[in-house]
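Novice: Residues per chain, in single letters:
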Amino acid sequence: MDINFHSGNFEGSFDLLLFLVKKHKMNPLELRISEITDEFVEYVEGMDKVDIETTSDFILMASTLMEIKSRMILNPSREVIEKQEEIAKQLYEYSLLKETTEKVENLYDLHMKEFDISIVPSFSREINDSLPSVFMKIINTVKQEMNLRKRVYRITKDLYSFSKKIEMVKSLILKSKRMRIRDIIETSDDKLEAVVTFVTILELLRLNFILIDSEETVVINEAYHG
Amino acid sequence: MKHIMAEVEALIMSGHGLTVQDLMKLSGRNRNEILETLDQIEEEYSHENHGVELKNVAGKYSFFTKAEYFDLVSKIRKKSVSDITNSQMQVLAIIAYNQPLTLKEIEKFRGSACTNQVKELISMGLIRRKRDKAKKGNPYFYVTTENFLKALGISDLSDLKEEVVENTEIPENVRRDVPQES
Amino acid sequence: MKHIMAEVEALIMSGHGLTVQDLMKLSGRNRNEILETLDQIEEEYSHENHGVELKNVAGKYSFFTKAEYFDLVSKIRKKSVSDITNSQMQVLAIIAYNQPLTLKEIEKFRGSACTNQVKELISMGLIRRKRDKAKKGNPYFYVTTENFLKALGISDLSDLKEEVVENTEIPENVRRDVPQES
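Residue numbers (my numbering), protein chains in the order written: chain P, 33 to 258; chain Z, 981 to 1162; chain A, 981 to 1162.
Among these hints, one or two may not hold up.
Derived DSS-like pairs: lysine-lysine, alpha-carbon spacing no greater than 27 angstroms straight-line [to be verified]:
(1) P:Lys145 - A:Lys1055
(2) A:Lys1059 - A:Lys1088
(3) P:Lys121 - A:Lys1059
(4) A:Lys1055 - Z:Lys1035
(5) Z:Lys1099 - A:Lys1058
(6) Z:Lys1035 - A:Lys1088
(7) Z:Lys1005 - A:Lys1059
(8) Z:Lys1055 - Z:Lys1084
(9) P:Lys115 - A:Lys1088
(10) Z:Lys1040 - A:Lys1055
(11) P:Lys196 - Z:Lys1088
(12) A:Lys1099 - P:Lys130
(13) A:Lys1035 - Z:Lys1035
(14) Z:Lys1110 - A:Lys1088
(15) P:Lys130 - A:Lys1055
(16) A:Lys1088 - P:Lys145
(17) Z:Lys1110 - Z:Lys1040
(18) A:Lys1040 - A:Lys1059
(19) Z:Lys1040 - A:Lys1130
(20) A:Lys1055 - A:Lys1130
(21) P:Lys121 - A:Lys1035
(22) A:Lys1088 - P:Lys54
(23) Z:Lys1055 - A:Lys1088
Residues of chain P placed beyond 10 angstroms of chain Z at every Cβ, according to the derived structure [said to hold, decoys possible]:
(24) Thr87
(25) Ile91
(26) Arg103
(27) Glu137
(28) Ser195
(29) Leu206
(30) Val227
(31) Glu235
(32) Phe241
Simulated DEER-style distance windows between Cβ atoms [what the hints assert, rightly or not]:
(33) A:Asp1063 - Z:Glu1013: 28 to 38 angstroms
(34) A:Asp1063 - P:Ser95: 45 to 55 angstroms
(35) Z:Lys1110 - P:Thr249: 39 to 49 angstroms
(36) P:Ile105 - A:Glu1048: 28 to 38 angstroms
(37) Z:Lys1040 - A:Asn1118: 53 to 63 angstroms
(38) Z:Arg1111 - P:Thr96: 35 to 45 angstroms
(39) Z:Ala1093 - A:Gly1117: 48 to 58 angstroms
(40) P:Ser95 - A:Ser1054: 44 to 54 angstroms
Keep in mind the hints are simulated off the structure, nothing from the lab.
Where is the CB? At the ideal position from N, CA and C, for every residue including glycine.
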């Protein structure tokens, strides 16, 4: 067994102690200090004494172990047995902590590599799960209309804001009092504007500015306009 | 052969519709291997102890829940597109028309807060957010999804884009203003 | 029995994390049926011809791609990785195993100061502090969060503790004498 350990091999004295306990197939809680003290001291003596702070921790532990060992041989009093038990308990806690850290690290690394998945519900029905049918109908009308006219579609980013559109549609309806939804939508230049126009109609309905007359026609709400 | 199955399954389940080409490129397998594997997976999931199945829709492979479990599964899909409210539709239209937009820009358009509408629209799968790392402060932008087009009955916007690009009457500088779908 | 498997599979695959309760309610099956079915599905997907697996994360069941296909799947999916340093991991483990703990208690366990690590772990959402008003001086206690379970992909803390105690290779009779931390 190579005993030329640098202090870096063990983070602290408990690491070395745990290593020796495991090497001797000892249970941390049934620690028999007398059996491992010599080895512990040997390791500490072989350490590079560069990092004073770390090595002092090892030296302190070594002297504690040596003290317990000699007293165990000479006079195994209640007090010295308790001292050994105290170290055993600390060692056990330390081994749990070490094990937990390793476990947490492993689980974290593993789960980092797992992606959650989600499946789309049955696709044939998925298509039914769409915007209200009237919306669909209108959009399709607009689509056909536009294909027919083969307009030049130019998407201009800032041509219509929603509020502008509301004003436009309002004045349109105010003028004719009664309009087919399709005719209102047809004032749009492209598909996306059609969406905005349609939403505008919905908003005016919500505000009670207009009422639906039949499924395809809206009228000015006379009550609203006094 | 077993490992290919697992590979292809993992890819398709975590992707959003992959073509045979995609699968070949991603896994480094040849066409025959992929086709054979797809057959095996299809066979495996056709058994009645599975509630999902592999389907090829327009050349793209995805898993779908089986039709017979539709009613069951729809119980957990709380947010259905058909439940869309007017205010949500308003926000949706603003995003559709001006995308990409930050939350602030949407609120400026609408003149009122719309965090909730945006969240609901995301959960309905109609919009999604993306981050522009190039921009200062790494802001989130909202754009419509493919689902949105599907819900509208417009399968994709590419015809629109193409028409713009093909039309030579549109000057370069205008063309650059066309919002790009990602 | 086969149909339950398909039902539960369809539900979990299209849901975003479902508890046993959710599954009972949605399927109208009793607890034992659900638990048994979950076992069967887990068993089925553990085979090497599957690239995804069933997991209970923080009490919710979801499917995940298996870790061994990480390189493959990461070609189409991105995961934001937050690196945890060794010392942060140590502090996290101390809290996970012995919570709730005050800062002083954590530092006693570790043998050195760890204010910074605690701060970082809070900002990562892996731990949080809470106040025990019943205790003298109103001290802050640190506990792990649900996010911690999610980050580790485990159902609850007992998963972690059981395995740790098993691995320390201490005979049953001795283990019982170990003072239990609350």
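Novice: Now, for every hint given, state plainly whether the structure supports it.
Specialist: Each hint tested on the structure:
1. P:Lys145 - A:Lys1055: Judged against 27 angstroms, a Cα distance of about 12 angstroms means the pair holds.
2. A:Lys1059 - A:Lys1088: 35 angstroms, violated
3. P:Lys121 - A:Lys1059: 41 angstroms, violated
4. A:Lys1055 - Z:Lys1035: 22 angstroms, holds
5. Z:Lys1099 - A:Lys1058: Status holds; Cα separation ~22 angstroms.
6. Z:Lys1035 - A:Lys1088: Distance of about 58 angstroms is beyond 27 angstroms: violated.
7. Z:Lys1005 - A:Lys1059: 21 angstroms, holds
8. Z:Lys1055 - Z:Lys1084: 34 angstroms, violated
9. P:Lys115 - A:Lys1088: 19 angstroms, holds
10. Z:Lys1040 - A:Lys1055: 17 angstroms, holds
11. P:Lys196 - Z:Lys1088: 13 angstroms, holds
12. A:Lys1099 - P:Lys130: Judged against 27 angstroms, a Cα distance of about 22 angstroms means the pair holds.
13. A:Lys1035 - Z:Lys1035: 25 angstroms, holds
14. Z:Lys1110 - A:Lys1088: Violated, at roughly 44 angstroms.
15. P:Lys130 - A:Lys1055: Given pair lysine 130 (chain P), lysine 1055 (chain A) is violated - Cα atoms ~35 angstroms apart, limit 27 angstroms.
16. A:Lys1088 - P:Lys145: It is violated: about 34 angstroms lies between the C-alpha atoms, which goes past 27 angstroms.
17. Z:Lys1110 - Z:Lys1040: At roughly 24 angstroms apart (the allowed maximum being 27 angstroms), lysine 1040 (chain Z) and lysine 1110 (chain Z) satisfy the hint.
18. A:Lys1040 - A:Lys1059: 20 angstroms, holds
19. Z:Lys1040 - A:Lys1130: Violated, because 31 angstroms separates the two Cα atoms, which is more than 27 angstroms.
20. A:Lys1055 - A:Lys1130: Cα-Cα ~23 angstroms, so holds.
21. P:Lys121 - A:Lys1035: 35 angstroms, violated
22. A:Lys1088 - P:Lys54: Holds, at roughly 24 angstroms.
23. Z:Lys1055 - A:Lys1088: 51 angstroms, violated
24. Thr87: Holds, since 47 angstroms exceeds 10 angstroms.
25. Ile91: Correct as stated: the minimum Cβ-Cβ distance to chain Z is 51 angstroms, above 10 angstroms.
26. Arg103: Non-interface label stands for arginine 103 (chain P): nearest chain Z Cβ at 61 angstroms, farther than 10 angstroms.
27. Glu137: Its Cβ never comes within 10 angstroms of chain Z, the nearest being 24 angstroms, so this holds.
28. Ser195: 7 angstroms, violated
29. Leu206: 21 angstroms, holds
30. Val227: Given that some Cβ of chain Z is not farther than 10 angstroms from that of valine 227 (chain P), nearest at about 5 angstroms, it is violated.
31. Glu235: Nearest chain Z Cβ is 6 angstroms from glutamate 235 (chain P), so the label is violated.
32. Phe241: 13 angstroms, holds
33. A:Asp1063 - Z:Glu1013: 28 to 38 angstroms: 37 angstroms, holds
34. A:Asp1063 - P:Ser95: 45 to 55 angstroms: 39 angstroms, violated
35. Z:Lys1110 - P:Thr249: 39 to 49 angstroms: 40 angstroms, holds
36. P:Ile105 - A:Glu1048: 28 to 38 angstroms: 54 angstroms, violated
37. Z:Lys1040 - A:Asn1118: 53 to 63 angstroms: 58 angstroms Cβ-Cβ, so the 53 to 63 angstroms window holds.
38. Z:Arg1111 - P:Thr96: 35 to 45 angstroms: This hint is violated: roughly 56 angstroms between Cβ atoms.
39. Z:Ala1093 - A:Gly1117: 48 to 58 angstroms: 42 angstroms, violated
40. P:Ser95 - A:Ser1054: 44 to 54 angstroms: Holds: the Cβ-Cβ distance is about 52 angstroms, inside 44 to 54 angstroms.
Of the numbered hints given earlier, the model fails hints 2, 3, 6, 8, 14, 15, 16, 19, 21, 23, 28, 30, 31, 34, 36, 38, 39; all others are met.
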